[in-house]
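K.L.:
Residues per chain are reported as follows:
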Amino acid sequence: MASEERIESVLGRIQDAVVQYDEESCRQWCRTVVEEGIDPCMAIVGGLNAGMRIVGEFYQKNRYFVPELLLCSDALYAGLEILKPHLRPDQVKVKGKIVIGTVEGDIHDIGKNLVKTMFEAAGWDVCDLGKDVKLERFLEEQQRTGADVVALSALMTTSMMAVPKVIGLLRNKAPRVKVLVGGAPFNESIAQQYGADGYASDAVAAVQEGAKLIGDKRSLGF
Amino acid sequence: MEAGVTKSSEPRMMSRERITALLQGKPIDRVPLFPFILGFCAKNVGLPISTIYSDPEKSFDAQRKTHEQYGFDWGPIYGYASYGTWEFGGDVKMPEGDYEQAPSHSVNPVQSENDVSKLQRPDVKKAGCLPKAMEFSQLQDKFNTPITVQCGGIFTIAGNICPVELLCRWMLRKSELVHQILRLATDHIVDVVHHWTRMFAPHRVIPQIWEPLTTNHIISPRQFETFVFPYLLEASSKMLAMGVKHLLFHICGEQNGNLPYWAQVPVGDPGLCSFGKEVEMTTAIEYFGEKNIIIGNIDPQLIQYGSPQKVYTVCRETIEQAKHAPRGYMMCSGCEIPPNSPPYNVYLMGKAANDAGRYE
Chain A
458 MASEERIESV LGRIQDAVVQ YDEESCRQWC RTVVEEGIDP CMAIVGGLNA GMRIVGEFYQ
518 KNRYFVPELL LCSDALYAGL EILKPHLRPD QVKVKGKIVI GTVEGDIHDI GKNLVKTMFE
578 AAGWDVCDLG KDVKLERFLE EQQRTGADVV ALSALMTTSM MAVPKVIGLL RNKAPRVKVL
638 VGGAPFNESI AQQYGADGYA SDAVAAVQEG AKLIGDKRSL GF
Chain B
27 MEAGVTKSSE PRMMSRERIT ALLQGKPIDR VPLFPFILGF CAKNVGLPIS TIYSDPEKSF
87 DAQRKTHEQY GFDWGPIYGY ASYGTWEFGG DVKMPEGDYE QAPSHSVNPV QSENDVSKLQ
147 RPDVKKAGCL PKAMEFSQLQ DKFNTPITVQ CGGIFTIAGN ICPVELLCRW MLRKSELVHQ
207 ILRLATDHIV DVVHHWTRMF APHRVIPQIW EPLTTNHIIS PRQFETFVFP YLLEASSKML
267 AMGVKHLLFH ICGEQNGNLP YWAQVPVGDP GLCSFGKEVE MTTAIEYFGE KNIIIGNIDP
327 QLIQYGSPQK VYTVCRETIE QAKHAPRGYM MCSGCEIPPN SPPYNVYLMG KAANDAGRYE
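As they're listed, the protein sequences go chains A and B. Counting in our numbering, the final residue of the first sequence is number 679, and the numbers go up one at a time with none missing. Counting in our numbering, the final residue of the second sequence is number 386, and the numbers go up one at a time with none missing.
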C-alpha cells in the first residue's frame, strides 16, 4: 500500500506530465499507479484532470495555444487508457452526459475536438458525433444517450444557420435538454437569438458553461 | 441620422478611376468599398454558391453585376481558404446544400509522415483550381480590373495539405516535417506568381495571401515567428522582385500578437493589408499605415444579423477612424460577407462610404 506521501508524489508527476505534454511519462506514472495499488480514480481526478485544469488556465492566459493543448490531451488520453480499466464499477461516475458535434455543412472540428477533450477531462461522458453532422443525428443521439447537454459547433456563417434548426428539433422532442453553442461566428447575442441555453468562446469556458447548465456551480467545470 | 432616410452624396469618380488613383497615391473622392463578397454574389443573381468557385465566367459576371448594384469598387476576385489541398494532390468538395459556404477539403494529401516525402511542387499550369483561376484572371484582364491571383497563405496551405491538428502536433514534435511542407508551400506560391507575371504585365498582378490558420486562436506569436514569418518574408521579397507592385494580405481573425511580424514583411508600394474585426483599425494604421493601404474590418456577423441602423453606424464609425490613414483606406467586411446577409445591410455599407467617406 503506497503511503500518502508517495500517492501525492505520483499524482503530482502525472499532473506535471499532462501539463508538460509528456505522453510517455504520463503513461509510465499511470502504470505506477496500477502497479503500486493506488486508487485509479484518485489518479484520474488528482493527476490527469488536475493537469488539464492547469492546461486550461494556460490556454486562457495565452500561455498555451492549440499545438500544446493537443499534445496535453494526447497525454491525458494515454493516461486514461491505462487507468480506466482499473476503475471499480462504483467509481465510474460521470459529471454529466454531453452530445457534441460540428453541424452539417461544416468540416471544421479543431474547436469541437478541444471542447470534447476538456469535457472528458472534467469527468463528463462525451458522445462525439464528429463533423458535418446531419441535423437529426443530434436529436437521435440525445434520445439514445439521455444526454443532459447537446453542444453544437459551427465555424461558417452559412453552417451556423443549421444551429437554430437543431435547437428547434431538440425543443420539440427533448425540451429539458440544455443546448450549448460555440464557434467563430457566434457571440452571446446570436446564441440567445438562436434559442441556445449557453454560449462559450473557448473550450475551457465551454466546460464552465456546461457545468452551470446542469446546475453544477460548485466545481466550475472541473 | 437614420439609415436609408438621407440621400447619399453622388460620387464624382468611377470605381476604376478611384482604385487606380488610390494605388497611385493620388487624391480620390471617397473611401472605396472593397468587395470581400463571393457567395452572396451568386445568390444575388440566382446561382448556386459553388458557381463562384467552379465557373470562372459566371463567377466573374455575378460578382461584376453585384458590385455594380451595391457600389463595390475593386473588381471581382477568385479564391477560397482551402486552397492547397487540391493543388498538392488531395480532393476538395464544392459547396452544396443549405449550409456550405466555400470549397472544403475532403481528402488531405498528407495523412502520415510518409506522405510528406511524396509531396511534389504542383504544375501551376494544371494543378487543382489554378486553370480556373487563370481563366478568371483573363477576365480580370479583359475587363481591366485588378488581376488578383489566389496564392493561399503559406501556413494555411500547409494546414490544407495536412490536417491542421496533425500539423500542430508536428510543430512541437517533428518540426522538420512542418518545415518541409512550408518549404513546398512557399515555393508553390512563388511559382504561381511567376506564372501569372509571365501571362500578364507584372505591375498589374496582385498576389493575394490569406492566412486564416495563423490566428492566435490556433498558434502563438512565437510559433508565428518560427513557422510563418521567415517563409512569408521570403515569398514576399521574391514576388516583389518579379516586378509585382502590390501584394494583398488578408490578415484574418485574431492576429494582434502576430502584427509586429506581419509589419516587417514587404507588401509593395503601397501594399494592401486587410484585417478582421479583431484588429482595430487604429492598431492596423499604427503598424501598417505608413506604407500600406488599410482595408477592413466590418464584422461579418453584424452584416448578417445586425440592425440596419447598427450596420450603418458601425460602418460610419470605422470610416471616420480609418479614412485618413496615410496611404489610404478601403472599407471592407472583416472576412467574407455572409451569403445570407440581408441585402439592405450590404447596401448600407456603400451608403456609409458615400455619406461619411468623402474627401474634401
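These aren't lab readings, by the way, just hints derived from the structure by calculation. Among the hints, a few may not be true.
Computed list of lysine-lysine pairs in BS3-like fashion (alpha-carbon distance at most 27 Å, straight line) [stated by the list, open to error]:
1) A:Lys518 to B:Lys200
2) B:Lys52 to B:Lys84
3) A:Lys550 to A:Lys518
4) A:Lys622 to B:Lys168
5) A:Lys622 to B:Lys69
6) A:Lys630 to A:Lys518
7) A:Lys518 to A:Lys622
8) B:Lys119 to A:Lys591
9) B:Lys69 to A:Lys591
10) A:Lys518 to A:Lys541
11) A:Lys550 to A:Lys622
12) A:Lys541 to A:Lys591
13) B:Lys119 to B:Lys144
14) B:Lys52 to B:Lys69
15) B:Lys84 to B:Lys144
16) B:Lys317 to B:Lys336
17) B:Lys144 to A:Lys518
18) B:Lys91 to B:Lys144
To spell it out: a stretch of chain B is covered by chain A in this simulated footprint if at least three of its residues, at any positions, have a beta carbon under 8 Å from a beta carbon of chain A; those stretches are [as the list claims (entries may be wrong)]:
19) 93-100
20) 212-220
Cβ coordinates follow ideal geometry from the N, Cα and C atoms, glycine included.
K.L.:
Is lysine 84 of chain B within 27 Å of lysine 144 of chain B, Cα to Cα?
P.N.:
The hint is violated at about 36 Å.
K.L.:
Checking one constraint from the list: CA of lysine 119 of chain B to CA of lysine 591 of chain A, max 27 Å. Satisfied?
P.N.:
holds, 17 Å
K.L.:
Holds or violated: lysine 541 of chain A with lysine 591 of chain A, Cα cutoff 27 Å?
P.N.:
Roughly 31 Å separates the two Cα atoms, so the pair is violated.
K.L.:
Does lysine 168 of chain B sit within 27 Å of lysine 622 of chain A, going by the straight-line distance between their CA atoms?
P.N.:
violated, 44 Å
K.L.:
Need the status of pair lysine 518 of chain A, lysine 200 of chain B: alpha-carbon distance at most 27 Å?
P.N.:
Given that 27 Å is the threshold and the Cα spacing comes to 26 Å, the pair holds.
K.L.:
So if I understand the rule, the pair passes when the alpha-carbon distance is 27 Å or less; does lysine 518 of chain A with lysine 622 of chain A pass?
P.N.:
With a Cα-Cα distance of about 34 Å, the restraint between lysine 518 of chain A and lysine 622 of chain A is violated, given a limit of 27 Å.
K.L.:
Is lysine 119 of chain B within 27 Å of lysine 144 of chain B, Cα to Cα?
P.N.:
holds, 23 Å
K.L.:
Can you confirm whether the C-alpha distance between lysine 52 of chain B and lysine 69 of chain B stays at or below 27 Å?
P.N.:
Cα-Cα ~36 Å, so violated.
K.L.:
Quick one, are lysine 550 of chain A and lysine 518 of chain A close enough, alpha carbons at most 27 Å?
P.N.:
Judged against 27 Å, a Cα distance of about 30 Å means the pair is violated.
K.L.:
Take the C-alpha atoms of lysine 630 of chain A and lysine 518 of chain A, compute the straight-line distance between them, and say whether it is at most 27 Å.
P.N.:
violated, 40 Å
K.L.:
Take a quick look at whether lysine 518 of chain A and lysine 541 of chain A sit within 27 Å of each other, Cα to Cα.
P.N.:
With a Cα-Cα distance of about 30 Å, the restraint between lysine 518 of chain A and lysine 541 of chain A is violated, given a limit of 27 Å.
K.L.:
Does the alpha-carbon distance linking lysine 52 of chain B and lysine 84 of chain B stay inside the 27 Å limit?
P.N.:
Measuring from Cα to Cα gives roughly 33 Å; hence the hint is violated.
Checked against the numbered hints above, the structure breaks hints 2, 3, 4, 6, 7, 10, 11, 12, 14, 15, 16, 17, 18, 19 and 20 and satisfies the rest.
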